[in-house]
Amino acid sequence: MLHSLDAFLGPAYFYLFALAALLCGGGLFISRHPINAAVNLIGVMLALAGIYVLMGSPFLGVLQVLVYAGAIMMLVVFVIMVLNQATDHQVPRFDGYSAIGALIPVVLGLSLLRTLQHSPHTQDAGAVRGEVKPMAAQLFDLSANGPGYYLLFELIGVLLLVAVVAAVLLAKRSLDTETPENSDVAHKEDHHG
Amino acid sequence: MIAVEPTVLLLPLILTLVGGLAALGAEPFLSRAAKHAWLPWVAALALLAAGVAQVLVPFGHAHGLFVLDSARQWLSLAVLAATLLSIAGLQQTLSRDDYPGGEPYALTLFAAAGVLVMVLAADLLALFIGLEIASLAIYALVGLRRDSRTSNEGLFKYFVMGAVFSAVFLYGIALTYGATGGTRYGLAVVAGREHLLLVGHALLFVGLLFKVGAVPFHFWSPDAYTGAPSAVTGFMGAVIKVGGFTALGALWLNLIGSLGGAATTLAHGPLALDATVVLTPAARDTLQPFALMFLVVGLLSIVLGNFSALKQTNARRLIAFSSVAHAGYMLLALALPQLGRGELDHEFALGSLWFYLVGYAIATAGALAALAALSGKEDANDSMQGLAGQGRAAPFYGLVLTVFVASFAGVPPTVGFLGKFLVFADLVAKGYVVAALFAMLMAVVGATYYLRLLVTIWAGQPKEPAHTGSSLMGQWTLAAAAIAVVVLIAWPNALINGKVAPHAISQTAGAALAERAP
Amino acid sequence: MNLTSSLLWLLPVLPLIGAFINGSLSLAGARTLHGPSRGFVALIAVLAPAASFVLTVLLAAKLPPAAVAVMGPAPTGAPAFTQVLWDWLSFGSVHVPFNLLFDNLTALMLLFVTGIGTLIHLYSVGYMWGDRGFARFMAYLNLFMFSMIMLVLGGSLPVTFLGWEGVGLCSYLLIGFWHTNADYNDAARKAFVVNRIGDLGFLLGAFVLLYVVGSLDYRDISAWFQSDANAAGIAAKGGLIAAAGLLLFFGCTGKSAQVPLLTWLPDAMAGPTPVSALIHAATMVTSGVYLVARLADMYVHAGALHLFGIEFTVLQVIMVTGLLTAVFGAVAGLFQNDIKKALAYSTVSQLGFMFMAAGAGAFDVALFHVFTHAFFKATLFLGAGAVIHGLHHEQDMRRMGGLAKAMPIAHLAMCYGWFAIIGLPGGSGFMSKDLILERLFGLSGTPELGLMVGMIAVATACLTAVYMSRVMFLTFWSPSRVAPEVRHHIHGTPITMAIPLIILGFGSLLAGLLWTEHIPQFSLVFFKNFLEPVVGPAQALLSPPMAEGAGTGAHHGASPLTIAAWGIGAALLGLLIAWANYRKGPRGRTVAEHPGSEPYGFGAAWTWAFDRVYDWVFVKPVKIIGLLLYWIVELAIVGGLTYAVAGIANFLGDGYASVQRSRLRSSLALSAVGLVVIVVFLLSQLG
Amino acid sequence: MGNVDLLQVQGLAAVLFCLGFAVVLARRNIFLVLMGVELMLNAVNLSFVSFSRQLVGNASLTGHLVPLFTIAIAAAEACVGLAMVICITRGKDSVDSDAFSEMKE
Amino acid sequence: MYYLLVLLLAPIAAALIASFASGKDGDASYRLGLLLSLAIAGLGVPLITCMTNLHVEHAWFTLWGTNASVGLRLASDGLSGWLIQLVTFLTSVAILGARAQVGSRMREFLACVFVMQALMIGALLARDLVVFYLCYEGMLIPMVVLIALFGGAERRAAAMWFFLYTMLASVFMLVGIWYIAYHLQTTDLALVVASAGGLPREAMLPLFLAFAVAFAVKVPLVPLHGWQAKTYAETPGAVVALLGGAMSKLGIYGFLRFVLPIFPHESVQYADWFIVLGLIGTVGGALVAIVQDDAKRMLAYSSLSHLGLVMVGIFSFDPAALNGAAVQMVAHGLSVAALFVLVGVVEARTKSAQVDDFGALVGRAPVMAVLFVIAALASAALPGTANFVGEIQLLFGTYRGIGFAAALIAGLSVIFGVVYLLILIQRWFYGRAGNLTDQVTDLRPGEVLAVLPLLIASFFFGFYPKPIASQAGVVAEALGAAPRAVMRATAEQPQSQPAAIVVTTSAVTSHP
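Listed in order, the protein sequences are those of chains A, B, C, D and E. So that you can map any letter, position 168 of the first sequence is 168 in the working numbering, and since no number is skipped, the others follow by simple counting. With the second sequence counted from 1, adding 193 to any position gets you the working numbering. With the third sequence counted from 1, adding 711 to any position gets you the working numbering. With the fourth sequence counted from 1, adding 1398 to any position gets you the working numbering. With the fifth sequence counted from 1, adding 1503 to any position gets you the working numbering.
Simulated from the structure, these hints should not be mistaken for lab results. A hint or two may mislead.
Said to hold, decoys possible - Far from chain E by the CB rule (all over 10 Å, computed), these chain B residues:
#1 L238
#2 F252
#3 L270
#4 P293
#5 A484
#6 P605
#7 F610
What the hints assert, rightly or not - Here are a few chain B residues that face chain C, going by a calculated C-beta distance under 10 Å:
#8 V357
#9 L391
#10 M486
#11 L488
#12 E571
All values reported here derive from a predicted model rather than from experimental measurement. A virtual CB, placed ideally from N, CA and C, is assigned to each residue, including glycine.
Same shape as in the complex, but just chain A (with noise of 0.2 Å):
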């Protein structure tokens, strides 16, 4: 449906998107409470979501709502929840570090859109568009000579695994297994702590 916009309005949603992203981005920036900061973040995605639908995209954009404006940052809000902090209230915003840190992510902008104009932008007529069939029929072609990425997406899996299992090992009360023997081990550690 999108892909049908007609020639004038690709760059006018563009720089719409455009617009919001750097909004919400400036505004992640500048967000006193962490919540403020999440919902600019959110602002963001869906904003580049828009974008990626633009550039032919669509599935791309799908799951960036879904999974990251969805997923993550439902958790990201969730866990500020959680551990709202009274004291976070006194960290003033900036200071002078900040000018410094952020003086540097200038030059390192300038360095890279002084290397993108080096090099030529111009739209390719043979460019694939990201949609579901052509990305899963790469995706999983398990042929000798395709791209293996399916291997890459078994990894991904086993990524997903470490980041539950690290988090776990992180983020749980207590690690002890309940069995009857550690239960009073755990007790103890727990009153201890």
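Position chains B, C, D and E against the provided structure of chain A, taking the given hints into account.
Positioned in the frame of chain A, the structure of chains B, C, D and E alone reads:
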């Protein structure tokens, strides 16, 4: 280079993962003592199986995504060995500390698997995924002592900085992809996008320099090294260096190859790590800034690492800074030969780096496992004062630690010596005599603090007998590793003399890749 | 060569075995209550040198008659037994075999070394019988015999040097025999060190000689110098040869206590008296003379030296050195209160006489004096030892007197020795001293020098008579000053001490009879002829051969009889002076005023001055330089440098380590700067 | 889309990347730091997608596929990151990054 | 021919056996170690009897960027053979002597000592620059551990100094080896010697210095001796016996084997420097020894003095001196080991080696006294000891090759050398009892066994040095052939003419 069935090529990886899964799966059903009694053996078994597999798996590549060659085989074996040592160290540490969970064993194996991915990868995305697997697992391992302030702080810094530089690395992938149209190593650059390629590689290199802890991206290492349990420190120091440097070297080699061999690289598929590539004058001109960067960063790392380590009073922090210096030495291997250095000024190979890396990995894992044994409960005794005379109290661990530290210091007859020897010899052959001399002098500075460590553990009077918590696995693996650190000097050829003809890669795989190229 | 030759090695080895056995016994018995069996030790100790003596006599008897070889400087050299034991040193083209040489000179030396040595061993058995370290003492003595025999028997300079250093070592061990006394130890050390100084000269001289001649074998050296083929070479290398001669003579001054290395000998009297008799009177100290005689061929061929515009020869240096030493020793001897020190200075003086003779080119005469001196000085020392022994180790002559009756044997023996040394006719000293004076007065080449030296020598002989008579007066012939508590316990002389005393006493009278060329009715030149094959060619070269016999010696206005008269007159004068001064006891301060046995007075001051000068010029500077080197160079520079480097490293370590940030943002910012720098740099390079 | 200037898209990606970087460097709140990282990752994804428009065939598809993986990785990273925050705030009751600066040089 | 390999690996095996097979029982370890060391010593004997010229080569690796194939090139000749005898012999001695000081830590001691032995043997057999360096440098760690484990109060500093000095010095040599490998495309010593002319002229001096400094530190040569006194003083006597007796010889060996053949021109050109430094060491070392108040420190400076003389001799290039250097290496090894073992025994009993702490020991420990005096006399080069043979050759060579003045100055050490030893003997064994005399007991049989063979050997070779001189000495003479040829070629007037003598000589007429 032939195409190999992925399940075969990745068998060691799979076995490692299986081991991790088995450990993870068994963990909830075991009592606390049983966890530390049995899970390490599960892990060790898996690692040994993976090691055997690693020796048996034929060289080749899978989809051009993963490659196995002689150097990668050695590096993978080094990773497995370091993991085994760390598992043994972890067993000692965790059972001594009466740690409530068994997940660290599984995570260690997962991290090892991630590093194996990094080693085998010939694709930036695969590399990134491997890197992330390893990093996430290691973050958790660094934060293992959840109640320890230092552990928390180390974890925090390491994680945040790691995440930032992961993003930088990823951006590098993006730019490289934009420049070459793919994520495979060493693809030919699309005309007019050289800047993208180079800046992309700059970001990639920075991302990897962070991982290996080179100045000025090293700030995490002292804190993370100190925050983590010693056994984890050893693991992290060893495998991350292997993964990072393998990737760094592979990318560098492929970059030289792709610029030098023009389009042939794409046609011929991934390069073997022990390949010798042709350095064309054009490539030299283009890549000179990178070469200079490696030299400068390397020398900076050497100077900063060594001088910072000089005054450290904590053994692990000392080793952390020294690891910065080691990263510097290894970076020197990446320097390009100067023009006019005879007929060899247009050739480039990284054998010395691989050898250094293998030796360093084993020594690091071993040294910290031994240190873990010597530094008592919660690794609380890892200051110089705490370690004083512990070699007398526990001669075995003192002795193996001595061997490993000698290897760090580059004292013969250890792999550490031969590694430095080869790297610096390369440097001389490449025409950087002054840099080599300087690095050698810095190595002596480095030897000073290593020596201080040795003298401390042997010369001091132990205040209390070391709480070694020695284990069978710990002793056997450490003994084997100590012997290996000496004996390995006999076979540097496998790594440094793989005079593979430039781009001697399987035609079929190359053709397959070429098909998909624009 | 033959059976006789192949036995040479036994000569030194016999005492060595003795030394080994006694040394082992001493060690083994160190823990036991009484130590090893003294009888057995004594038996071994005396038998070993005695066997050597017997063997020496047998070998000497078998030597081809000297007359056969007098035919002239045959290239084959003097008749001798030689034995090459094995290849010792060999480097480059140089080969020094471990060889033994037994020719007439050796035979002569060995005869009195082993002969007198055996007697003194016997004497020591009595003297040291009660000492806890009896076995050790005997072992040292035997070891000394070994070394001395090696010295004399060695066929080349290195082998001689083996003995040369060996006797020095034994001297060290024996001087410091009573090792709980720090002064004795100091004396021993001083002896060794001073000897070493001389030994350096010996070594360097040997090197120069080796460089010139290409060999260190005595027979090779003699042959080389005697060979006409080498005349040009000798002429061209005269300077080097002279240098070698000087250096070797310097070595001799150390061993033979000549100026300037004489200070150790008086101190060496710290050792037991038999040691003084054997080592510091009869044998070791004369080895310098032996060496000069042994190398006579070299000395006569040495080139002239120039210093401050004066041209002189090495032999003249030797002569003048001998003269100085003789005068010094005689003067110093006058002022000693310690009986042994008086005798020690006497030895110094007599050694001076020997070197005077050698310097005059009369090597045979010098050796003759060595020979006679060995007898009479051994007698004197042993006599003194008997006195000391009898007086419970009292050595101060101011506490003696009137002992003639209490110790008749000692008195008699010492009388013989005294008679000999002051040069009264009939004593052996008269014969040899007379010959020396004659050769000095008859010096060819530089007669003025000879005359001058000769006159001083006569004066010195007079002094000799004074101080020796003084010793006799103070000890035996003056009223007794022995401490009352000692007076009633004066020992007699045990038989083992008496026998050697008597034999040596007679020896000191009769030894002179071996060379009596100026006694018309009794002209016996056995000694001269005996040595002729060895030193003859050299002496012949130096002074044109004279007709043998009386009346020809003096072309400078002094006939042999005149010279003899001069000598006798000097002796009588000296005796008179001593009688006048000392017949009633010592002059000057008494014991009460000046307790102890420290030397005092003019002569004492003299040697004291020597010691002080050495102390200030050599000993102290050495220590100070050592300390300075240690403190400045070692500690300050080397150590300071090391610490400085360490300090710089630490400083840098501090500086660089502080790059490490503790805040996340700071670290991250620094890393980010690194990233930016890299990217910007890359872009700037790309243009 | 044909008419969107890809340079501008890339520029946007670069700016967002640096904005995220700036957040990380400038802010002290750990949550903001983590969100800055997320922003950086997002920017890179945009870059990928943009580049894919300039390429042909499978190469073009890669640009769409990589962000898929990236999103998963970002999710995993966020997961561990949040666990990390929970872990460290347990020991020290603060989400101020400067509070974690006890380890000196 | 696997003999050399076996010889090289035997001590490694011994180290493993000793460290794993023996338990915490110090005595059992001691017996085992002694047995092993004696077996190894026996194993090495054929090197000087029936298998004097062996060569073996195993490929190792090729240096990148060159065709230089580094190989395990081992060979033995008289010089290597004799020094290996010294090493194996002194190892046994060290084990015997260390018993009292090491006690229950025998296992660690044995492991370090055997590893050191293997590396010393390796360095002596190596005919490849890299292999040599590997072994040469590898000795550091076991040595450092020995010092750290068994040293005195200041063992930390001693270990650090020792390590830093030696390591810092050999770094340059390593860079030199690379440079040579790169330029000559080989690390085979024989080839390097043969083609050393192919090195760039301007690089020769730095290369020469790199090698010379590396070896000079180990000898040590003034002014690179800063580590020595401290290390010797802080290290147990038995270990110093090995360090000073055998390891320091490797420095001299390096000069003979590497510096002279590879850099003949530079050696000749800069010989004066080494001679002067050697002379300073010879005389200065002896002088400083006189004022020391610690016996081990004194003996350290004594070593400095003796080995300084060896250096002077070597840089005279005179055959006699080179031969003497070879003999003196063995001789000094024997005598200094004996002295240090004895001092170590005293130290083990009393924890002190101060000159002033003792006195009248001859009464309490007569056997020790006798052996000590004999060892001291051997060290002072009394004729009849091997040291005399070495020193006389060195001095003569110095005189012939350099000149009289050098020989005279060097000869001064003969005098000073006896002074400090006599002082030590007098203070320790004679006179009145010191405050620690009571704690000294006489030698145990094992300790006698450690010292007595050394002294017997010293005297045996003193009277019959031919085996050493004709095997090791001849090799040393040959190694000096290259500089000698340079000297002949460059100097019109032969340098070997002894220079001015004390008294100027006239044109010389002998006495008519």
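Quick rundown of the hints versus the structure:
1. L238: 25 Å, holds
2. F252: 20 Å, holds
3. L270: 18 Å, holds
4. P293: Non-interface label on P293 (chain B) holds, nearest chain E Cβ at 35 Å vs cutoff 10 Å.
5. A484: Non-interface label stands for A484 (chain B): nearest chain E Cβ at 15 Å, farther than 10 Å.
6. P605: With a cut-off of 10 Å, P605 (chain B) comes too close to chain E, as the shortest Cβ separation is near 4 Å.
7. F610: 7 Å, violated
8. V357: 7 Å, holds
9. L391: Result: holds, 6 Å to nearest chain C Cβ.
10. M486: 6 Å, holds
11. L488: Since the shortest Cβ distance to chain C is 12 Å, the answer is violated.
12. E571: Violated - the Cβ of E571 (chain B) stays beyond 10 Å from chain C, reaching only about 22 Å at its closest.
When held up to the earlier numbered hints, the structure conflicts with 6, 7, 11 and 12 and fits the remainder.
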